[in-house]
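**Student:** What follows is the residue order along each chain.
2 protein chains.
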Amino acid sequence: MEKKFTANLNSNSKRDVYGNKTQKLLDTYKVKIGDNVKLLSNKGDYSGIIMPRYESFNDDYVVIKLKSGYNIGILVENIIYITNENPSETSVNTSLLKTPSKYGEPFNNFVQSKENDYIIDESLETKTLPKILLLSTGGTIASKIDYRTGGVTSILNASDLYAIFPEISNYASIYPEFLLNEYSENINPDHWSIVSERISRAIQYEHFDGIIISHGTDTLHYTSSAISFALQNLSIPVVLVGSQRSSDRPSSDAFTNLLGAIKFITKTKFTGIFVCMHHTPSDEIIACYLGTRVRKNHTSKRNAFQSLDYIPFALIDNSEIICNTDLKKINKRDEITKNLISKTSFDKRVFLLKFYPGFDPAFLECFLNLDYKILILEGTGLGHINKNCFPYLKKLIDSGIIIFMTSQCIYGRVQMTVYDTGRDLLDLGIVPLSDMSSETAVVKAMWALSNSRNASDLIDIMKINLSNEISNMSPLIS
Amino acid sequence: MEKKFTANLNSNSKRDVYGNKTQKLLDTYKVKIGDNVKLLSNKGDYSGIIMPRYESFNDDYVVIKLKSGYNIGILVENIIYITNENPSETSVNTSLLKTPSKYGEPFNNFVQSKENDYIIDESLETKTLPKILLLSTGGTIASKIDYRTGGVTSILNASDLYAIFPEISNYASIYPEFLLNEYSENINPDHWSIVSERISRAIQYEHFDGIIISHGTDTLHYTSSAISFALQNLSIPVVLVGSQRSSDRPSSDAFTNLLGAIKFITKTKFTGIFVCMHHTPSDEIIACYLGTRVRKNHTSKRNAFQSLDYIPFALIDNSEIICNTDLKKINKRDEITKNLISKTSFDKRVFLLKFYPGFDPAFLECFLNLDYKILILEGTGLGHINKNCFPYLKKLIDSGIIIFMTSQCIYGRVQMTVYDTGRDLLDLGIVPLSDMSSETAVVKAMWALSNSRNASDLIDIMKINLSNEISNMSPLIS
Chain L
1 MEKKFTANLN SNSKRDVYGN KTQKLLDTYK VKIGDNVKLL SNKGDYSGII
51 MPRYESFNDD YVVIKLKSGY NIGILVENII YITNENPSET SVNTSLLKTP
101 SKYGEPFNNF VQSKENDYII DESLETKTLP KILLLSTGGT IASKIDYRTG
151 GVTSILNASD LYAIFPEISN YASIYPEFLL NEYSENINPD HWSIVSERIS
201 RAIQYEHFDG IIISHGTDTL HYTSSAISFA LQNLSIPVVL VGSQRSSDRP
251 SSDAFTNLLG AIKFITKTKF TGIFVCMHHT PSDEIIACYL GTRVRKNHTS
301 KRNAFQSLDY IPFALIDNSE IICNTDLKKI NKRDEITKNL ISKTSFDKRV
351 FLLKFYPGFD PAFLECFLNL DYKILILEGT GLGHINKNCF PYLKKLIDSG
401 IIIFMTSQCI YGRVQMTVYD TGRDLLDLGI VPLSDMSSET AVVKAMWALS
451 NSRNASDLID IMKINLSNEI SNMSPLIS
Chain E
1 MEKKFTANLN SNSKRDVYGN KTQKLLDTYK VKIGDNVKLL SNKGDYSGII
51 MPRYESFNDD YVVIKLKSGY NIGILVENII YITNENPSET SVNTSLLKTP
101 SKYGEPFNNF VQSKENDYII DESLETKTLP KILLLSTGGT IASKIDYRTG
151 GVTSILNASD LYAIFPEISN YASIYPEFLL NEYSENINPD HWSIVSERIS
201 RAIQYEHFDG IIISHGTDTL HYTSSAISFA LQNLSIPVVL VGSQRSSDRP
251 SSDAFTNLLG AIKFITKTKF TGIFVCMHHT PSDEIIACYL GTRVRKNHTS
301 KRNAFQSLDY IPFALIDNSE IICNTDLKKI NKRDEITKNL ISKTSFDKRV
351 FLLKFYPGFD PAFLECFLNL DYKILILEGT GLGHINKNCF PYLKKLIDSG
401 IIIFMTSQCI YGRVQMTVYD TGRDLLDLGI VPLSDMSSET AVVKAMWALS
451 NSRNASDLID IMKINLSNEI SNMSPLIS
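Sequences listed follow chains L and E, in order. In this text, residue positions in the first sequence follow my numbering: the first is 1, and each later residue adds one. In this text, residue positions in the second sequence follow my numbering: the first is 1, and each later residue adds one.
It is worth saying that the hints were derived from the structure and are not from the lab. Hints are not guaranteed to be accurate.
When chains are identical, the list treats them as one kind, so a pair holds in a single copy or across two.
[Unchecked claim] Derived pair list, reagent style BS3-like, types lysine-lysine, alpha-carbon separation capped at 30 Å:
#	residue 1	residue 2
1	Lys343	Lys387
2	Lys373	Lys348
3	Lys387	Lys373
For clarity, every value in this text was computed on a predicted model and none was experimentally measured.
Model the full assembly from the supplied sequences, consistent with the hints where possible.
**Tutor:** So, in structure tokens, the structure goes:
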């Protein structure tokens, strides 16, 4: 089944062909797309595979995929010499490099049944690689530069992604599927339900060893939280991956994040909802976070995501995976005895309100005339808000709105018994949410509102730890 | 002027006297409050000064101030032996350990003129120590445990603080003044004006080498931002300090933060608005942040504050102060040629709105019926918000509301030309605020609204870098 990576992978796509100038250079050195080469240039020496040309590039560059997975574009003018290395060293399995029937040719090792579902036909399966369902929802990992505007738009689907990163076929059989095509800022609770239901169906009726969801990074942590509540007792790992650079840019982190997720799925036994993103700006270490304990903390860095705990759940590098199993309740595949819980509905009547000095307490009266059931306050420090708000909060509570307290500090635990402000808020009936982030809290509240019998039940659900959204560790006071 | 630290410092306060059990132990070893001792206990050996008993302690503890400034309570039962070390080694200047006339006896080296103003009478001044005005506004640094409720309430004033930490008189002559007594969650823009006006008066008519403001930590970074806009071209440094542990607790960080601020004022030449807080959980290093580039990122840790840049402006330890002068425009005292700009008014008609998935776009219509002039959006990632909000945002803009974009990522720069969502928002007229934090942005907007001629002027003010609120560094894309 192992075939040499060859240029015909991309033969049917005009965008992949290099222009005259670059092709002439490649011909001079008798190398072609897919060849493993050493490239000597004015700016440095590089070893890797010649990649298809990206649409976002003009004809001045040759794109090389380095062994790290990082793609680099080298200006033709700077290239001094290219040598063709032994191609067998970097051969990759291209047997799966076709798109499913909905978008093109079907894979040869599965048959598609009802819409979007893959029933793996074991008789057709000739390899023993783990099987991973790759669901694309849009975002940078599935985006490329739009020439008309100069910005980035989401166009690539999962199949394109798979074609761009053929090396992943050495680790697993990937079953790409185009589920949504939304920037993550446009993802809403209805999309959370769609994704959760698709995962639920895959777990119950299909036979994958894991699921990867490619997702825009902006709200990736909201979605990972949402799935963490919608689906419980998972028998396989579900890993969300994003990219801070679009897949067709040389500096893209898409491949390394995706590969990290594949390694985590195939080389560990953990189940649940996770997020795999760069741990450092370089490509060396990928961090794996718990779906409810992660946050996008930087607008542009590759290592934009950070754990809400002092360390991520796992660190993945080329040689090993280090898991911090002392972190809360994480199940392994053979430990799952209960059936999958699948409650995929969300109720949007939840408002997240960030407090700030100068906030007009009278603003709270708006909520008396709107159809909100829950208010998540993002207070200051240990869970405080200006005392002038107290009478208004009381009015809201009297009207039946349930109010929860989180902290805008991001890290640490809400503790409302330390100061009299906190105790006064508790007396009003405001419920503190420990070290749940405000982002996870708003998602959990939407889920709890849709999946509870009454207010008391809802408050109980919010206060207990369902999916590691509340840390069991003693407060990190130091 | 150097006097030995003696117990009579606290002789007029009943709370400072140890009870029979502990006093008997101290008598046995012929040591008293103020003595420098070595204490051998079952739990470890300690060297330091015996401190007055704190009201929050029962009679089972002896409180020792360690050389680090950290106070520790040692259970009487655990004490094996106490030896009286040479007291002269740790003698402290207690000449200033009296309270100003408003609250008790005046200092002997200044005369009080009009209310709250200190005119330093040089003829009475016998020491050459730098003069620092210490303004107390309340918060944990000026708080202690309330026995009735078990929580922490703000009771201590600046004079008390000064009495608790007499060592500071070795570094500077401190002029404590009780300006406000508010928890920081209750501090509002009117308080920002009061504090700014007091600083302005001190700079123009009094002769201090620096000003320290003790402030509750919850909104300390909002206040430091506010003063940074209200006062510009400062001829002296103004440093805000807070404490994550109340001053009368053995683990209080109040002293070390205060001492860090004093060292920064007396040992460097920088002017402007700064914040001094723990850099690490231990007492070894105090970080000094720019007033507009700092955020409280942990609810309870001593090192709760972090720079919005990759490093704080300065690090202060026992032996040296390392300043990162490549960070933006920081003036030195001898470089100030312009007069103080003092514009201390704020207009509260600014709303900070944090976006989240599931946010109902129709909620934005509320603002059509309310008297808000500015909306600060806390978008996702590079400055994005759900496309369903666009028509509503347009309505608000058409109604005259000015909308600015920041990011809930905290770190990094809003860049709205990368994705089509951002470009669409720019087309609507939404103004990106680069790497200004949403907290600093809401404060600057309140200030700009009160200090601009019209909308165009206001937008210009928001977009330019006035007080390092926008980083001049190239975007930290890595």
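**Student:** Could you figure out if Lys387 and Lys373 sit no more than 30 Å apart (CA to CA) within one copy, between two copies, both or neither?
**Tutor:** both (23 Å within a copy, 24 Å between copies)
**Student:** Check Lys373 against Lys348 for me: Cα-Cα at most 30 Å, and say if that holds within a copy, between copies, both or neither.
**Tutor:** Answer is both: 9 Å inside a copy and 28 Å across each meet the 30 Å cutoff.
**Student:** Taking 30 Å as the upper bound on the Cα-Cα distance, should Lys343 and Lys387 be classified as within, between, both, or neither?
**Tutor:** Answer is between: at 27 Å across copies they meet the 30 Å cutoff, but 38 Å inside does not.
Checked against the numbered hints above, the structure breaks none of them.
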